[in-house]
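Those protein sequences? They're chains A and B, same order as listed. Residues in the first sequence are numbered from -12 upward in steps of one, following this note's numbering. Residues in the second sequence are numbered from 16 upward in steps of one, following this note's numbering.
It should be emphasised that the hints constitute simulated quantities derived from the structure, not laboratory data. Be aware that one or more of the hints could be misleading.
Which stretches of chain A does chain B cover? Using the computed rule of at least three CB atoms under 8 Å from a CB of chain B, they are [as the list claims (entries may be wrong)]: (1) 36 to 49; (2) 54 to 64; (3) 229 to 238.
So, partial list: chain A residues that the calculated Cβ filter (under 10 Å) puts toward chain B [said to hold, decoys possible]: (4) Ser82; (5) Ile222; (6) Val223; (7) Thr226.
Listing some non-contacts, in silico: residues in chain B with all C-beta distances to chain A over 10 Å [to be verified]: (8) Tyr115; (9) Ala245; (10) Pro355.
Nothing here was measured: the structure is a model prediction, and the numbers come from that model. Built from N, CA and C at the ideal position, the CB exists for glycine as well.
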Amino acid sequence: MSPAVPAAPAPEAIPPVIEIDKLWSVFHTAGQEAVVHQDLDLTIEAGELLSIVGGSGSGKTVLLRQILGLEQPTHGHVTVLGKPASQLGSEGAASRVGMLFQHGALFSAFTVLENIAFALHELQTLPHALIRDAAMVKLQMVGLDPSQANKMPADLSGGMVKRVALARALIMDPPLLLLDEPTSGLDPESADAFCTLLRSLHRELGLTVVMVTHDLDTLFELSTRVAVVADKRIIVSGTPEAVMAYPHPFIHDFFLGKRGQRASSLLREHPVTV
Amino acid sequence: MAENTPRITPHSMPDGSGLLLSGCWTAARLAEPAAWSQIQSVLRTCSASGATAWTWDLRSLQRLDHTGAQVLWNAWGHQWPARLLLLDVQHSLLARVAQYAMPPPLATRISAWQLFLRLGGRVWFLIDHVRDLIRLMGQLLLDAVRLARSPGKGPWRDVSGHLYHIGATALPITALVGFLIGVVLAYLMSQQLRQFGADAFIVNILGLSLIRELGPMLAAILIAGRSGSAITAQIGVMRVTEELDAMRVMGIAQGYRLVMPRAIAMALAMPLLTVWTTLAALAGGMLAADLTMGVTPAYFFTALPDAVEVSNLTLAVGKSMVFGLLIALIGCHYGLRVKPNTESLGQGTTASVVTSITMVILVDALFAVVFKDIGI
Chain A
-12 MSPAVPAAPA PEAIPPVIEI DKLWSVFHTA GQEAVVHQDL DLTIEAGELL SIVGGSGSGK
48 TVLLRQILGL EQPTHGHVTV LGKPASQLGS EGAASRVGML FQHGALFSAF TVLENIAFAL
108 HELQTLPHAL IRDAAMVKLQ MVGLDPSQAN KMPADLSGGM VKRVALARAL IMDPPLLLLD
168 EPTSGLDPES ADAFCTLLRS LHRELGLTVV MVTHDLDTLF ELSTRVAVVA DKRIIVSGTP
228 EAVMAYPHPF IHDFFLGKRG QRASSLLREH PVTV
Chain B
16 MAENTPRITP HSMPDGSGLL LSGCWTAARL AEPAAWSQIQ SVLRTCSASG ATAWTWDLRS
76 LQRLDHTGAQ VLWNAWGHQW PARLLLLDVQ HSLLARVAQY AMPPPLATRI SAWQLFLRLG
136 GRVWFLIDHV RDLIRLMGQL LLDAVRLARS PGKGPWRDVS GHLYHIGATA LPITALVGFL
196 IGVVLAYLMS QQLRQFGADA FIVNILGLSL IRELGPMLAA ILIAGRSGSA ITAQIGVMRV
256 TEELDAMRVM GIAQGYRLVM PRAIAMALAM PLLTVWTTLA ALAGGMLAAD LTMGVTPAYF
316 FTALPDAVEV SNLTLAVGKS MVFGLLIALI GCHYGLRVKP NTESLGQGTT ASVVTSITMV
376 ILVDALFAVV FKDIGI
């Protein structure tokens, strides 16, 4: 039923990072059943930078939470790095997956540096000096000034919170990074800087990145593949151009509205290269 | 799994001594105690003889991450060793670590002058607290005047809501605690009184202590813990989520809409809860007295009015109204002082409960001294 536009074939040897198979999500609210996902299939290969887009309430964030194992699907399987998603949250999860929550979710009782170093401290073997050095590298890698290290999260601006949260997600160098609305709440300049940062991290660290976004500029600037959630499943996935060409009312409104045309003109000027 | 263990092994090379690194040099694997102690001991002997004297062979590493690179960079004493065999990927990782390497921060010492300033800060903080509390009380008085002028426009829906949450929902727990205290007190007293054959005085002891002191105190302490903390948390969360700022922008007076309804509800609910708790405690005491000493409830009822003057009840109701106002004001005070972060919210809630319970006991002692000639 869903004619997926074929993406670039992945190398045979590397198994897919995320496999979602016949996923159903049903929510019960006030005696009513709301089916959010119905037989949703999605496979994400290593090294991809996949954007998930969809209307409000189409269950993008729910999908992200199911990949993380924070929520259980009603039916179906989510396999992440070869294991069921529900086992992802066990010990050492920080070295397998990093998550950037929409509002950062920094630990408000810790300083910036303690937030970043938290997962390393929890290993309880490595010396403090080494952990501090490693956290300082990550802090500067995401473009923060070393002088920010001892601030509390409450004293940071929105853009800095996102950067600290990204540094925290990357502290153990996980192969998979999930982002929930990475540029929401950022001014255009910070959003651009954040995109550049993400793109360079994706290239240099060989990360697999999955992000949920509404921001068309981010979408066109970063994605190697776009998956569209509508009608309770992935209606199409492929390169931004291929997805835009797919006939569906949601895609028409989303990409070919005024905002979409403005953003996609950027795409023509600076085509995505990986 | 064992072959992935990060290791560092000295081996001889044609041009001198070399170090062969193998396994996964990632944070998670390095943190395995056995692997880490092996690496530490080898690295320590290496740096003792000078890190540059060795040939470092990184080519057979299965994985290297930033933490692993940091371990190496620190072992090299923050400089590139002269002889290094590595792949391009590893080089870029190490280069990034090298680029961002920082000297450790200098430990800052606290001078006597700073300590003095800190003390001053504490004093100002305390003064600020007292000033805020006085301002809150003054505002409540002004709001009460405003309400008295136009009672029809008062926030009565809020008052009734709070009255339900503070008063009605607290009925089961106060009754249970009161009843049990009554039972315990009567049981203990009966042991003592029986020795003197003064069984009938159980009515006087229970009646006076429960009605005058324990009833109001029990209710106040329970409500301070239960509703005082809730008031602080509610207002504190409104600060964290910027709801207080939204109210101010709309020109809605915080004192009139947030503080006054809670204060009124507390001042009304507290005396009622006191009477309720006292009744439950008396019932418990009556039951225990009947079981242990055979003092029948019928006798209890007839003897109670003679043993305890009505002014005791008036005093209890009066002071519990003061307790209620205090708990509401302290709860609101700490709630409004919460800073927009979760840590401050937790501290504020704790401080609110501790302060209101302490204040209730202090004020009760004050009442005991001032009204020592009444009702006894």
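Cross-check of the supplied hints:
1. 36 to 49: Violated: only 0 residues of the segment 36 to 49 of chain A have a Cβ under 8 Å from chain B.
2. 54 to 64: violated (count 0)
3. 229 to 238: Result for this restraint: violated, n = 0.
4. Ser82: holds, 4 Å
5. Ile222: At about 36 Å, which exceeds the 10 Å cut-off, the nearest Cβ of chain B leaves the hint on Ile222 of chain A violated.
6. Val223: violated, 35 Å
7. Thr226: Hint violated; Thr226 of chain A Cβ to chain B Cβ min 27 Å, cut 10 Å.
8. Tyr115: Tyr115 of chain B not clear of chain A: closest Cβ-Cβ about 4 Å, inside 10 Å.
9. Ala245: holds, 21 Å
10. Pro355: Incorrect as stated: the minimum Cβ-Cβ distance to chain A is 7 Å, not above 10 Å.
Figure legend: structure checked against the earlier numbered hints; hints not met, in rising order: 1, 2, 3, 5, 6, 7, 8, 10.
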